Structure formats: structure tokens, C-alpha cells
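Listed in order, the protein sequences are those of chains A and B. Just so we're aligned, residue 1 is where the first sequence starts under my numbering, counting upward by one. Just so we're aligned, residue 1 is where the second sequence starts under my numbering, counting upward by one.
No lab work stands behind these hints, which were simulated from the structure alone. Be careful, since some hints might not be right.
[Said to hold, decoys possible] Pairs of lysine to aspartate or glutamate, EDC-like flavour, derived with a Cα cap of 16 angstroms: (1) A/49 with A/101; (2) A/49 with B/190; (3) B/134 with A/101; (4) B/279 with B/264; (5) A/26 with A/61; (6) A/49 with B/152; (7) B/464 with B/30; (8) B/274 with B/264; (9) B/384 with B/367.
From a predicted model like this one, the values you see are computed outputs, not experimental measurements.
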Amino acid sequence: MQRVLIIGIGNTLRSDDGIGIVAAQKLEETLRDQVRAIACQQLTPELAKDLSEADRVIIIDADQGKTPGHITLKEIKPGDHAVGSFTHELDPATLLTSTRELYGRSPDTFLITITGSTFDYGERLSQSAADAIPVVLRHVRELASINPRKHS
Amino acid sequence: MNKITIEPVTRIEGHAKITIELDEQGNVQDAHFHVTEFRGFEKLCEGRPFHEMPALMSRICGICCVSHQLASAKACDALMAVRVPETATNLRRIANLAQTIQSHALSFFYLSSPDLLLGLDSNPPNRNILGLMKDHPQLARDGVSLRKFGQEIIELLSGKRLNSSWIVPGGVNAPLIENTRNKISTRIPEAMATAQRTLDWYKTALDNYREEIRTFANFPSLFMGLVTPNGELEHYHGRIRVVDSTGTIVDDQIDPTLYQNYIEEAVLPFSYLKAPYYKSRGYPEGVYRVGPLARLNVIDRTGTPHAEEEWVEYRALRRQANLSNFHNHYARLVEILYSIERIQQLLEDPNITGTRVRVTAGANTTEGIGVTEAPRGTLIHHYKTNDDGLITWANLIVATGHNNLAMNHGVLQVAKHFISNRRQISEGILNRVEAVIRTFDPCLSCSTHAIGKMPLDIRIINSKGQVVNQLKRD
Chain A
1 MQRVLIIGIG
11 NTLRSDDGIG
21 IVAAQKLEET
31 LRDQVRAIAC
41 QQLTPELAKD
51 LSEADRVIII
61 DADQGKTPGH
71 ITLKEIKPGD
81 HAVGSFTHEL
91 DPATLLTSTR
101 ELYGRSPDTF
111 LITITGSTFD
121 YGERLSQSAA
131 DAIPVVLRHV
141 RELASINPRK
151 HS
Chain B
1 MNKITIEPVT
11 RIEGHAKITI
21 ELDEQGNVQD
31 AHFHVTEFRG
41 FEKLCEGRPF
51 HEMPALMSRI
61 CGICCVSHQL
71 ASAKACDALM
81 AVRVPETATN
91 LRRIANLAQT
101 IQSHALSFFY
111 LSSPDLLLGL
121 DSNPPNRNIL
131 GLMKDHPQLA
141 RDGVSLRKFG
151 QEIIELLSGK
161 RLNSSWIVPG
171 GVNAPLIENT
181 RNKISTRIPE
191 AMATAQRTLD
201 WYKTALDNYR
211 EEIRTFANFP
221 SLFMGLVTPN
231 GELEHYHGRI
241 RVVDSTGTIV
251 DDQIDPTLYQ
261 NYIEEAVLPF
271 SYLKAPYYKS
281 RGYPEGVYRV
291 GPLARLNVID
301 RTGTPHAEEE
311 WVEYRALRRQ
321 ANLSNFHNHY
331 ARLVEILYSI
341 ERIQQLLEDP
351 NITGTRVRVT
361 AGANTTEGIG
371 VTEAPRGTLI
381 HHYKTNDDGL
391 ITWANLIVAT
401 GHNNLAMNHG
411 VLQVAKHFIS
421 NRRQISEGIL
431 NRVEAVIRTF
441 DPCLSCSTHA
451 IGKMPLDIRI
461 INSKGQVVNQ
471 LKRD
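With the rest of the complex left out, here is chain A:
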């Protein structure tokens, strides 16, 4: 059985920014035996160890855009090092590169983003974000059930 890691990113105190966290928590509840879920406020380098132990990683995050509730899915490939002085912000491609450099492997990785409509203070999702959750869960279930490619 493939090892699937879900990483939900966001801040649950800023309305729709917390959608990644909410999705990760729901996935952990419903797919408890099939996936491992991590909810965090941002990507950090120590997640490289978790990535190295997974076959497939699905990162879920909120996005800003013109169409609230819009969902995107894209595959992430290890990229070049980020330029600049990293302190505690990390993008998925850089995290994947770090995983490969530190642990010699990088899992299949996908990023799902959901366009939020409000990022004001608040602990509730907007209607459009809440409506997007079941669709996100369906995407994740599909991704989690596909066998991973062989990779280094």
C-alpha cells in the first residue's frame, strides 16, 4: 500500500486561509487508515523528513484570485533552490528539492489550491470555500488511490 501524506497549510484565524487545514482534518477523519495528514501554518524544512517517508504527497492550500471556490491541481517537480535569505518560508518545489538532496528521494507531489473569497479575521469558511471542500476531498481520494510512478 502506498504511503500518502496530506499537508494542509493555512491560518484558521483568517477565514478562508484555513481551508487547507480544514481539508486535511476532514481527510484524516475519513481516510484515517489510508493517509497521514499534517496541518501546519506554513511549509518548513523539517517537513522534508516526512516527505521522504511518503510515496505520494498532496499539499492543500488557499489561494487568492478572482473566482472564489475555484480549485486548481498541479503536479510539483523538484525545482531550483529559492533565491534569497530563507528564514521560515518555503515553497513546495523547494521543499521537494530539499527532500531529494537530504534523503535521496522525492515523492510524487501535487498541490491543490482553492481560491478564497475572504481572508479577514474569522474562524469560519465562506460559503464558496465550504462548498469547495467536498470537491477537494474527491480529488484527494482519487490521487491517493493512483499508484505512484517509480522515481529516484
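Following the hints, complete the assembly by docking chain B onto the known chain A.
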């Protein structure tokens, strides 16, 4: 007069800039570390019920939220006038030590080791943890592993890595179960080996940093930290000891709740960060330092066997107190080792899985003070309430505040050494000015209660007040 400004200062937590003033001959005349952000947590908590304070205060910082929760909870324990069950006290201690491990690992491996291993003059875009991963993967793996170890203990205890509601006034809200104790215990040998491996490497590398050791905030000052009644390292309870630069004890076994008898707070016109000083020495002579360097200067022994061996070796670097702030890096590694050993000792206590971990009460007094050792140094939370238990006044003195005057001294010293009489000031030279600040591992989010990451700005200003050189990074 010329002036150099470094803005933003990088690889620290928060926003700051440094200005360096030159005279007509190009010699450094003065230097200032400006903290340019403001949050005002002391004000916004006014009117809130005291029992909300630990959860509220944990939001001050994403790195050391546990430290703020603990100091806050201790202040609330005092407001309730209760005795926290011993098991809860020891669980809080474990959380505090785990926090120290993860924070020190962040400071040493992520923020400072790029300078140490890739070089202070190396290419800036690669001089970060990602560059380190590429060139020194074993050390980077060790950093990841130690930070993760600390974070996972916090998560296992409290259910969350950040801002959990596990630490509460009167104790903690859930006991440690046997399965969790075993999970943590099984990870200790690997963490010990990793910490020891890093220390062994660092000691062999010390000779490479002679100039930095000599010039990075290497000056006489007082040092302050909590100690046990018999002079051992203490991060949670204990009493305050202050030593001078010769290592002589100035004051000992001070009741931390009497801190106002010993510490006065000054305001600097160029910074939002307040500048405490040691009252009996006056301002600005009463400069004192807190944090790993200070803690290892004030103690008589560590209290755990492996850290003790390392501490004896560390103290042999200088007969008296170690004055160079560069040795904070070394001290952090010794403290990581100590924290792992101490966690093991606490987990071996049969009562650690006891179920009596909280007492409840309302507000029984109107003033409470909580003091702990956060990773960066002594942390003071002081609250006053009305008769209904609503906060009417709060004062927080955090480690970076205690170190403010020392950081300004440090910037001046390193600027005088590296910048005076130079026609060309390279990025590597300006990086050294930033690096001296990094040895303090300042957290400006904590100290001014500001939000976000910490860019910095260095400016050199000439005798006519014109900016002649600037290094600015977001």
C-alpha cells in the same frame, strides 16, 4: 559624518535595521540596532479575563509560543494562588525543554550555520539553510532531525506544534499516557547522538572563527539567568543569579517576583524595543545579557552527566565568564544536549504519567508574576487584574529586550573592527554586522510583540548626513 544602514537584518525573527555613523576620517563613531516594528500585546490584553492569557500570549511568537504560555500560566497560577501538581510542573518542564531544543536547532542549524560552514563572505543567495542542504547534507539532516524531535515532543504532549491549549492556569489539561512516554523515550538515543555529533564537529571548527570570537560582542557585562538552589541549570522555576564578567556572583537566589527591585527599563529614542538595565549599576552601565551564554556563565554545574562534561570543557575556554557572544552558538549546543538528558530524567520519574495534572480556582489575588528561561533567555510576564480577574495592566520583559543594550554594544564593536578606515565595504563585512546580532538569536516578534519575519537594513551615513552605502533585504 558618514552613516551605514543595514536594512533589513536577515535570518532573525522580526524587523530591524542597523545604522553605523562614521566620522570625517571614515572611522566608526557610533552604531545603533533599531527595532522598527510594533505590536503592543501588553496593551491589547487589557480587559481580558486572566485565564485567557496563556492562549493569548502564545500568539506573540511562532517559535517560542510554549515559553510565553508557560510564563503566562505561571503568572496566572500566582493570580489563583494555587500550587500546581508536581506531575503538571514536570510536564511543563518537558515542554519547555523541547521548546529549547527546537528553537536552538533553528538558531544554530538554520540561521547561523550557513555563515559558519559556507562562510561569512560566501554568495548571499546560497548562504542559507538550502545552500547548507546542498553542501553539507549531514549537518542539515541533523538540524532537521533535532528541530523535529523538539517539535514532536510538544505535539505529542499538547496535540499541536503551535499555540495549543494544553498549558493552562493551574497545570496542564491532559496527562501524559504511557504510550506517549514510550514514544518520546525511544527517540532520545538518536537525538543524543545527533547533538553529540554536532558538538564534536563544532569544537574542532572553533579555531576557524578566532577573529569573530574576538570581536563579536566580546565585552564585559553582567550575565543573568535562573539557577536551582544549588547552582544548577534551571529553565522553569528557580531563582535569579547575576554574575559579572569575572564570573563573580553579584546577586544570588533573587526571588524572580522581585525583578523590579533589580531591573529598570529605559527607552531608546531610535527603537521600539525597550532597554532594561541592572538597576544597581545604573544606565547605561548596567548592561546585562541573558540566554544560553549567560545561563552557562551563571551556573556552578549543569545537573546532567553528558552536558556537564561538555560544560566543563566549554568553561575552560576562559577562566572567568565567557564574554564573546559568538560562544552563544557553542552554548546552544551544550543546552540542546542538556535538554535531551533532562527530558529523559523527567520521563523516568514514575509519577510523570500521574493523572492529577490540574487544579482550578478563580482569581484570588490581583497581581501575578511568572518567570521562566525561554530559549533566548529570561522571560518575565507580570499581570495585574481587577477584583473580577480582568487584566488591567501587563508588563512583559522578554530575552531580546534584556539583551537590547548588549546588542547595541555588539554592533558598535563589530562595526569598529570591520568597517573603520575601509574604502570599500563588501557585503561580507555587512553580513558580519548582521551575524553579531544573530549570535543573540533575537526575536523581535517577541520583544516588541511584532508580527512576521525579520528583514533588516544597514545604512552607512557620512558626516553630512548622507547615506553613502546601504544593504537592504526583504
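Item checked: Contradicted hints - numbers only -> none
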